[in-house]
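Novice: All chains, full assembly: derive it from the sequences and hints.
With the sequence shown counted from 1, adding 12 to any position gets you the working numbering.
Warning: the hint list may mix true and false statements.
[What the hints assert, rightly or not] Simulated restraints on C-beta separations:
#1 Gly45 with Pro21: 53 to 59 Å
#2 Val38 with Gln78: 31 to 37 Å
#3 Glu50 with Val70: 28 to 34 Å
[To be verified] Here are the simulated DSSO-like cross-link-like pairs (lysine-lysine), alpha carbons at most 27 Å apart as the crow flies:
#4 Lys83 with Lys72
#5 Lys69 with Lys83
#6 Lys57 with Lys69
#7 Lys72 with Lys57
Keep in mind that the hints were calculated from the coordinates and are not lab data.
Computed from a predicted structure; not experimentally measured.
Note that CB positions come from ideal geometry on N, CA and C, so glycine has one too.
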Amino acid sequence: MSQQNETVPEVKGEVVGEPSTPSTLVDTLFDIGLAWAEYGVGQGKVALQTSAQTLEKVAKSLSELQERLRKNAA
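Specialist: Written out as structure tokens, the structure reads:
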């Protein structure tokens with residue numbers, strides 16, 4: 013084996029135009045995950061509001077039943 017001294021030319025490059033923010037796969041996946049989380053939280057909010065309204069109706073019905081039972085017992 014012989015040793016040879018080789019010189020490798022140095023290559024320089026320059027980006028021309030406006031610099032842009034690179035969008036990587038990780039950034040894209042993070043944004044998608046964030047969007048789904050926001051959607052899920054919104055759906056959870058709606059579900060809880062609906063449950064609360066239903067519980068209010070049930071509580072009102074139970075209160076009316078309680079009053080009728082008191083009147084019938086008297």
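Novice: Next, verify each hint and record whether it holds.
Specialist: Status of each hint after checking the structure:
1. The hinted range of 53 to 59 Å is not satisfied by Gly45 and Pro21, whose Cβ atoms lie roughly 45 Å apart.
2. Checked against the given bound of 31 to 37 Å, the beta carbons of Val38 and Gln78, roughly 58 Å apart, lie outside it.
3. For Glu50 and Val70, the Cβ-Cβ distance of about 31 Å falls inside the hinted range of 28 to 34 Å, so the restraint holds.
4. A distance of roughly 17 Å separates the Cα atoms of Lys83 and Lys72; the hinted pair therefore holds under the 27 Å criterion.
5. A distance of roughly 21 Å separates the Cα atoms of Lys69 and Lys83; the hinted pair therefore holds under the 27 Å criterion.
6. With a C-alpha separation of about 19 Å, the suggested pairing of Lys57 with Lys69 holds against the 27 Å cut-off.
7. A C-alpha spacing of about 23 Å is found between Lys72 and Lys57, which places the hinted pair at or below 27 Å, so the restraint holds.
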